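Q: Protein chains in written order, with our numbering: chain P, 158 to 587; chain V, 158 to 587.
If you are wondering where the hints come from, they were derived from the structure by calculation, not from laboratory data. Quick caveat: nothing in here was measured; it's all calculated off a predicted structure. Check the hints yourself; a few may be wrong.
The list makes no distinction among identical chains, and a pair is therefore deemed to hold if it is satisfied within one copy or across any two copies.
Derived BS3-like pairs (lysine-lysine); straight-line CA-CA distance at most 25 Å [claimed, not checked]:
no.	residue 1	residue 2
1	Lys337	Lys290
2	Lys471	Lys503
3	Lys384	Lys337
4	Lys471	Lys337
5	Lys503	Lys290
6	Lys471	Lys290
7	Lys290	Lys384
8	Lys503	Lys384
9	Lys337	Lys503
There are 2 protein chains.
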Amino acid sequence: MGGLETPDGYHPHTSESLKAYLAEVENTASRLGGREADWQVDEVGDGNLNLVFIVRGPSGGVAVKQALPYVRLVGESWPLPLSRAHFEHLALTEEARQAPGLVPQVIHYDETLALIVMELLEPHIIMRQGMIKGIVYPGFTEAITTFMARTLFFTSDLALATADKKALIGAFADNTALCKITEDLIFTEPYMIVENNRWTAPQLDPYAAWIREDGDLKVAISRLKIKFMSEAQALIHGDLHTGSIMVTEDDTKVIDPEFAFMGPMGFDVGAVIANLLINYFSQIGHEAAPGERDAYRTWVLETVEGVWTGFRLKFLALWAENAAGDGYPAPLFDDAHGAIRLAAEKEAYMDRLFQDTLGFAAAKMIRRILGLAHNIDLEWITDETVRATAEARTLTLARDLMVNTADYRSIEAVTAAARRQNAWVPELGR
Amino acid sequence: MGGLETPDGYHPHTSESLKAYLAEVENTASRLGGREADWQVDEVGDGNLNLVFIVRGPSGGVAVKQALPYVRLVGESWPLPLSRAHFEHLALTEEARQAPGLVPQVIHYDETLALIVMELLEPHIIMRQGMIKGIVYPGFTEAITTFMARTLFFTSDLALATADKKALIGAFADNTALCKITEDLIFTEPYMIVENNRWTAPQLDPYAAWIREDGDLKVAISRLKIKFMSEAQALIHGDLHTGSIMVTEDDTKVIDPEFAFMGPMGFDVGAVIANLLINYFSQIGHEAAPGERDAYRTWVLETVEGVWTGFRLKFLALWAENAAGDGYPAPLFDDAHGAIRLAAEKEAYMDRLFQDTLGFAAAKMIRRILGLAHNIDLEWITDETVRATAEARTLTLARDLMVNTADYRSIEAVTAAARRQNAWVPELGR
């Protein structure tokens, strides 16, 4: 493995070797049914970081995810520790406990091979792909707000005794390599000239330069970075974009929590909102005729509103019923006056979380346009003028959200700004 | 040990057993000189939590601190893990690296016995005792600001790569029992009726009730508690009051960092300022005639100002020279405009840290008057009316500092308020 660190017994599987391996895994062989020779294995290869196999047998299927000691997309020149499989498994376990039914079931975990066997999600597709096609997901808001409210609330100081929360902090403290990717690719590189960056050039050149020269924005992103590195609020998924969500019209599953650690809650909520907004702005590139996707645009912005509103209500409802943590101790507020004061503070807490959410959402929007990893929502728009138009609209909204965060007092203020921005015709570089 | 958890081989030392133990410790026996029979051991017993022995021999002395599996002051009914010796040793090692000469030298550490042998600080005394006598420490401000600026800056995101900082977070994440003491005794119990609390009654009764019924204050202390539990800014000492500082007129040493963990920097700076302010208000009880200690009062408030001003300048100087951390990455601000913008942000960063400092200082002041553990600055005042007068002045300043923190824009605003408060004659309970 070219000098990359792997434990004894680790080897990356191929489609062939995987069959023999799975034949020995009791829960898996029985789920697939038949015998090894009846199974079909496909390396689907749509992960940036890992090997992903789909295995089907006569009675059912499984998905197998195996970490490589490097970034799959780049190769051995970018080493990445296998421990990410350990953290993904740990996070999946915790998420399944807090938000049952909203993550894939783990069938088998092999620490040495850095390999997780999971239920095969069928007929689910990656949500981002569905949204590019303009598919409405009526159950999405309900599911994602439940997922976020429950996983974030129940791993926070509001629900946990401090020793239990610190145990989570300790358990995820070593997931530094994955955090570092976020710190570099989201919070740093899009704001400077580095080889990794790319954008739609020359159309977007003036906007990329505008971002790089914006001192207020660079201070704002640096404050968010400090918050990301320092504020251990709750167990966050850490990569909660629409590519980490698999959906049918009725079902929603959150996958790929290998970036999980104890961080700021707003990073997860912001990731969802950012990716919805990116998709909203991208619709211009996916409609056959102008206005064809207007109803879909409406649904996307309603979803943005529903995600925040639903998350907020569910989080507050959990807080009302499960305030067992060491934060805001109940005995301090157990008289009539105290209850009123605490209720007001809960609103203020959610307002602060909303501000965090908008800042992190903005960071996620900017990195997808100027940084290394882009979204197919925008990448699949082949007309560069159209794509750059969508991108410039996304960027300018994101810049305002990050620098003038406090001006946005409600999620409706955000969707109203998105609507205005979507009508703006940017002057593009040539 | 009555069901308390201790590892095989652990046993608490007596003055006699300690001699035989130290005779086998090379660095120690040679430092003491002579033979076992020539050594004198005193259990000084001035720690609330641990056994502390002073050992003297013909050539020199050592101090020996051993953790018990319970709180010494209370007994076996309040268990406390021996691991605190591990964290104290870890913190002493890191502090010695970052702030050489400002902590006692560790001569020997025994993990099984939870025992640390340190240099004997002579002729140092506990600073709090000196301040009660009205002794001026000309070197204190210089030393404590160096200690705080260096230990906090060099363990923060401003100096460290994220992986190194997360390693520190992980290394201290298990020090939960000690953090929990702080969370309960400082951030919770003084604001409610619990058996642990005591105050000068009946003189202070109306003020204790006023604090317990103050909804704004209880929200403010709860926000500070959340910050204490969540914000892993830097390696903090965690108990930096004037009882954890040993001094001569020329030398200052910071001792007892067993509460250390990765927490908010303002907690340490606030602890120092709080304990200086408590001493300031206590002077009325220690002067032979009114006004006798006026010059000392002036020195104490100058020290409060000097502590913040000196800390701020040194922290900024370290930031200017050692910005090697992942926070505020230098390449984002490397042009002329960026440099100006970053300079302004550094001021804003220090302003936020100042606000944290005042909030935590207030929390430390209140707990010493209404909570379990009091300060001898106030406790040694035998006239209860005088003591309660000093305490009411401290409490009312602390309440305003915590709730109206943003009104205090400079450390001079704080010392001016202290001066005003010290002229106020509170109406006491009877």
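Q: Between Lys503 and Lys290, at a C-alpha cutoff of 25 Å, which is it: within one copy, between copies, both, or neither?
A: Neither. Shortest intra-copy (39 Å) and inter-copy (47 Å) distances fail the 25 Å Cα cut-off.
Q: Have a look at Lys471 and Lys503 and pick one of within, between, both or neither, based on CA distance no larger than 25 Å.
A: Intra 13 Å, inter 38 Å, cutoff 25 Å: intra-copy only.
Q: From the Cα coordinates, with 25 Å as the cut-off, is the pair Lys290 and Lys384 best called within, between, both, or neither?
A: Intra 36 Å, inter 44 Å, cutoff 25 Å: neither.
Q: Can you tell me if Lys384 and Lys337 fall within 25 Å by alpha carbon in one copy, between copies, both or neither?
A: For Lys384 and Lys337, both the intra-copy (14 Å) and inter-copy (23 Å) Cα distances are at most 25 Å.
Q: Under a CA distance limit of 25 Å, which applies to Lys503 and Lys384: within one copy, between copies, both, or neither?
A: Intra 20 Å, inter 15 Å, cutoff 25 Å: intra and inter.
Q: Can you tell me if Lys471 and Lys337 fall within 25 Å by alpha carbon in one copy, between copies, both or neither?
A: So Lys471 and Lys337 fail the 25 Å test inside a copy (31 Å) and across (29 Å) alike.
Q: With identical chains, the pair Lys337 and Lys503 could be close in the same copy or across copies; at 25 Å between alpha carbons, which is it: within, between, both, or neither?
A: between (32 Å within a copy, 23 Å between copies)
Q: Can you tell me if Lys337 and Lys290 fall within 25 Å by alpha carbon in one copy, between copies, both or neither?
A: Classified as neither: same-chain Cα gap 33 Å, cross-chain 52 Å, threshold 25 Å.
Q: For the identical chains here, do Lys471 and Lys290 meet the 25 Å Cα criterion within one copy, between copies, both, or neither?
A: This pair counts as neither: shortest intra-copy Cα distance 30 Å, inter-copy 57 Å.
Hints 1, 4, 5, 6, 7 from the earlier list are contradicted by this structure; the remaining hints agree with it.
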